[in-house]
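Asker: Take the sequences, apply the hints, and build the full model.
Protein chains: 2
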Amino acid sequence: MNILMIILVVSFHVEFTNSQHHPLDPLTPTEISQIQHIITNSYLSSLPNLTFHFVDLHEPDKTHVLQWLSSSHKQNQSFPHRQANVVIRGGGQTHEITIEMTTSSIASHHLYTGDGYPPNTFNEFLQAARLPFKSSRFNKLVLKRGLNVSEITCFPFTIGWFGESVTKRAVRLSCFYREGTTNVFSRPIEGLSILVDIESMKIQKLLDRGRRISIPGAEGTDFQTSGETPDHDPIHCEKNKKGFTIEGNNIKWKNWGFHVGFNARAGVIISTASVFDGGKNEWRRVMYRGHVSETFVPYMDPTSEWYYRTFLDVGEFGFGRSAVTLVPLMDCPRNAGYIDGYMAGGDGGPQKVSRAICIFERYDVDIAWRHTEVGIPGKVITNGETEVSLVVRMVATVGNYDYILDWEFKQSGSIKVKVGLTGVLEMKATRYTKADQIKAEIYGQLVASNRIGNNHDHFITYYLDLDIDGDDNSFVKSNLKVKKVKASPRKSYWNVVQETVKTEDEARVNIGVNASELLVVNPNKKTKLGNEVGYRLMTWQPAVSILADDDYPQIRASYSKYQVWVTAYNKSERWAAGFYADRSTGKDGLAVWGRRNRSIVNKDIVLWYTVGFHHHPCQEDFPVMATLSNGFELRPANFFERNPLLKT
Amino acid sequence: MNILMIILVVSFHVEFTNSQHHPLDPLTPTEISQIQHIITNSYLSSLPNLTFHFVDLHEPDKTHVLQWLSSSHKQNQSFPHRQANVVIRGGGQTHEITIEMTTSSIASHHLYTGDGYPPNTFNEFLQAARLPFKSSRFNKLVLKRGLNVSEITCFPFTIGWFGESVTKRAVRLSCFYREGTTNVFSRPIEGLSILVDIESMKIQKLLDRGRRISIPGAEGTDFQTSGETPDHDPIHCEKNKKGFTIEGNNIKWKNWGFHVGFNARAGVIISTASVFDGGKNEWRRVMYRGHVSETFVPYMDPTSEWYYRTFLDVGEFGFGRSAVTLVPLMDCPRNAGYIDGYMAGGDGGPQKVSRAICIFERYDVDIAWRHTEVGIPGKVITNGETEVSLVVRMVATVGNYDYILDWEFKQSGSIKVKVGLTGVLEMKATRYTKADQIKAEIYGQLVASNRIGNNHDHFITYYLDLDIDGDDNSFVKSNLKVKKVKASPRKSYWNVVQETVKTEDEARVNIGVNASELLVVNPNKKTKLGNEVGYRLMTWQPAVSILADDDYPQIRASYSKYQVWVTAYNKSERWAAGFYADRSTGKDGLAVWGRRNRSIVNKDIVLWYTVGFHHHPCQEDFPVMATLSNGFELRPANFFERNPLLKT
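First to last, the protein sequences are chains A and B.
Position 165 (the first sequence) corresponds to 148 in the numbering used here; numbering is contiguous.
Position 216 (the second sequence) corresponds to 199 in the numbering used here; numbering is contiguous.
Hint data in this document are derived by calculation from the structure and do not stem from the laboratory.
Mixed in with the good hints, there may be bad ones.
The list treats identical chains as interchangeable, and a pair is accepted whether it falls inside one copy or across any two copies.
[To be verified] Result set (DSS-like, lysine-lysine): computed pairs, CA atoms no more than 30 Å apart in a straight line:
(1) Lys464 / Lys544
(2) Lys417 / Lys586
(3) Lys586 / Lys469
(4) Lys401 / Lys237
(5) Lys485 / Lys422
Answerer: Here it is as structure tokens:
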């Protein structure tokens, strides 16, 4: 152990004995540097083309985390071991490494030989995007089109898998003409497509389908409104008092306490969320961990330049890596607090996203509860409260699309999760300028002159490790069944038939107009009245993938056929399309785990919910989309003895 | 014509030549007095027990309304005739009268002899509720139970129809013990039920099932939190400028202009809503009229004291009549403007609901649109805007339940409609204090000691006369169909198959996970690109009635089996369960009109959408419910040439 290591170890120890620290705290920049140092000073440094693809906290076991959090004398307790998971590529292979932070040592190392790859590094994407400009053929083709090469941007797109035997990492580039616009995606150069071998970082194929389709014009494409500053903060609001505290990554607000983490893949991660129950005078567990697990975005165009656009945004790019620096007063209100995000770059060194997450109180104009009572003679009693909630927000901009991710905590005990889609459509250049010219299928909608907004889906899958009042929970379907009656003037009514779901196979659900409530309950805990304590999943507009089951993108994201899955908890099962999502073949992931058909009765279980959008674009989506939202709510159902909004 | 009439006519003429007036303005208090005067001074005054059940503007024809609104020299135009519809009861019969306001005369009068009745007057409900206290039997029964009669409130409940031949109006009373609580509904006196003949205003039957079940205690039932004032306005907000204008009942705000009406039945009514299209530099029509048409609330308990609770809240009580005086800073924010509501009482005289409607700008923390562009070398461009919208709100408290009705207008061109349910559950007393004591069916959930929250539904049906860019519209289903492909590495994709719905029969839709977009388009208007201009219906959580088709409440509200109906426009077809909803038999209403199967292609059409809730209560709904929301959005789809949020 060299001197630097000793320093790092000591500083780490100092850093993590403070009680504001949490065993699930993301890796600090110091720790990321420490990991970089450990690896680049080890035998691994001799690997050709050593690049860091993923560096993240290796979560301590749940029992250790909970033990430490519940201990009242934290300074006398040993903080759960800090370990890190590292995925590197070197010598054309994928290496999985576990680092022991305390001893600054490599605890384990093995080769990953299964299907799929870790996400390409940002630097690899960047290098790939620059390759065409070094190609004389590309430069010639561009000149032939009369284009100014300095106004061209090429974007790398992941290419999925279509049954072929995959032997290397590759991306395809599509290029855009920036001249006269800030809206790069609005001017696609159709007919040029460049396949890049990421391993050798060389152009493998330059496909030129000619200049049959010219580049759509720049007029009316800007989203940067010149001169006029939007009215970002139309009201001046002063808070009476700061309603929440951020200590390290620990958030406390009214009756909620939780931890906000961040990594390159998921982006924002909510952990150990507990709600204070005033009636019991105790903190009660609700969710151990919640985050976006995967995002599947298949485009609906089978033609040669589009068929492969079947993105797994989280696994192939990373929501954390796509996190933007939030703009105060535009992305988050005046009263927001911010948390920076850190991750490792391709060289292993720490990279910072300033203001990656914001946290703010939402003073809504919704009414949390109210009642007017006229039944008391001579009196009209009205009472109620306006809604105040706490929002944790992150925005991931994956190329053209901006995903706004909100976690909203309510004093009623609800957690509301919302995804907003905005940004720019992925568009295809076309010769059409009017709908009546279209005779053949265009796989989308003419959204602007010479531009088709291609049809596509978004399936944002949430990992929700609910631990309602403890680890062991059950998944319950409360089915509404119509009963016929004879001995009543009524002929029918519905009642609720509760079904505790036994196994993972039975837990796959599609929500439609089926009259059914879905609950996660703790069968070991009851209210004073004897009802099982639980939380209910309430969804908004439902949508699932309708692609053919044997279509390759669907095989890779087969979980997207169901909105709801429930699996037995396994610390390693977190990424719905598998960890190695780039060029994956569907051999890992939620559908594989779920079909193991484990028992899920009175077990530590994980709820997976997919928020879906079918997007058939319209002209209003151009040049930039008005936000389209969808989401769900986790709402207490017999968790509290009574409405917690009312003070006792 | 006597002198008073001349004065009224003159004042009316003065009142309505001002351009701030709108042909759909609700009746003013002066006009209501005028109507009362006309009728009570006519031959109708000799009718025994003359009572006023409904007094409302008789809408001018759409063409006249639109003509007047579009005329630039309103002072030279004749304002559309003011007429009123009046429904009175007298001599045990229902009379329908049209009043010509200009001449202060009765224009038409005939008897209504069909099924059902107009809603009982507030005074009739009140008289009925007082009857038990004059009954010596009731007083004895109450004494026997050891109750203090001065602490009892009896509420009248409408009784529906169960196949019997209906010959008179009747209600059933349930009584509650107020002692020690503000939450009257929390202490039901189970086993007492009083049938009242409204025509003779006499107790017809006093059912006593004995004292087997005692009254639930008062402890923990209050919603009026003593001492502590809720934090109604946690922030102090100052607006830079007033963002909207209220002139009479005309609202102007940013790119929206519309009219806000009010009547006893629907409550708030949005009319002639137009959006300003900056690209075309013109106002464009979106919705001619929108309001709640009916609300069906069947309880799921076939026992003798509950089976009949199958309410049609709008037709039997009236959302306008149930409108509460909104409480500033609790129901509406600091920057709200208010509109009072007026209607006729049972004696025909004007009654005022102060602050029945509020209108305010919502400065949300949602992001209206944003994008971060990293594709321009050396630059990161981020732009966007926070959401500001305009909300029109009313709260209808129908006994125990409070319905929060929001119409939200967005600068993107969207209209978002939301219903919030809060207030107090309808509860049944029970001897159970613990869930494990329950062996038989209880038709609900034990929500507090000795109290069952009975299962029920809420179906709030909206009348939406969309006139997208003109009267003649079509209803289009954009169905997403999976296509199989061979000449591509892909095996499938979906495309959009548009189906213009031909007739009313084909327009009934249940939305589930079916991948389909529902649109109202104007087939006569196209964007410059050639797309049909339209608005899309986007729904939240779907729910429809699952009662048996032959069950009587379902026969009365048979439209509730489908979320979506589209009908040909007919001015008289506005109330989904028929106008005479009290004790109705299903012979009138949306299902009857819709089954006429008229053509709806390129016609003036009306869209009906039902927002549904299946409510299986939980303990958190006690003693007062946290608001439960559901709704829908009308979102422009190729209505504008481009996103109207971006300035051109």
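Asker: For the identical chains here, do Lys586 and Lys469 meet the 30 Å Cα criterion within one copy, between copies, both, or neither?
Answerer: neither (42 Å within a copy, 45 Å between copies)
Asker: Pop the pair Lys485 and Lys422 into one bin, within, between, both or neither, using alpha-carbon distances up to 30 Å.
Answerer: between (52 Å within a copy, 24 Å between copies)
Asker: 30 Å Cα cut-off: does Lys401 pair with Lys237 within a copy, between copies, both or neither?
Answerer: Cα proximity of Lys401 and Lys237: in one copy and across copies (21 Å, 27 Å).
Asker: My question is about Lys464 and Lys544: at a cut-off of 30 Å on alpha-carbon distance, are they close within one copy, between copies, both, or neither?
Answerer: both (25 Å within a copy, 15 Å between copies)
Asker: Using 30 Å as the alpha-carbon threshold, which applies to Lys417 and Lys586: within, between, both, or neither?
Answerer: between (58 Å within a copy, 26 Å between copies)
Hint compliance for this structure: hint 3 alone is broken.
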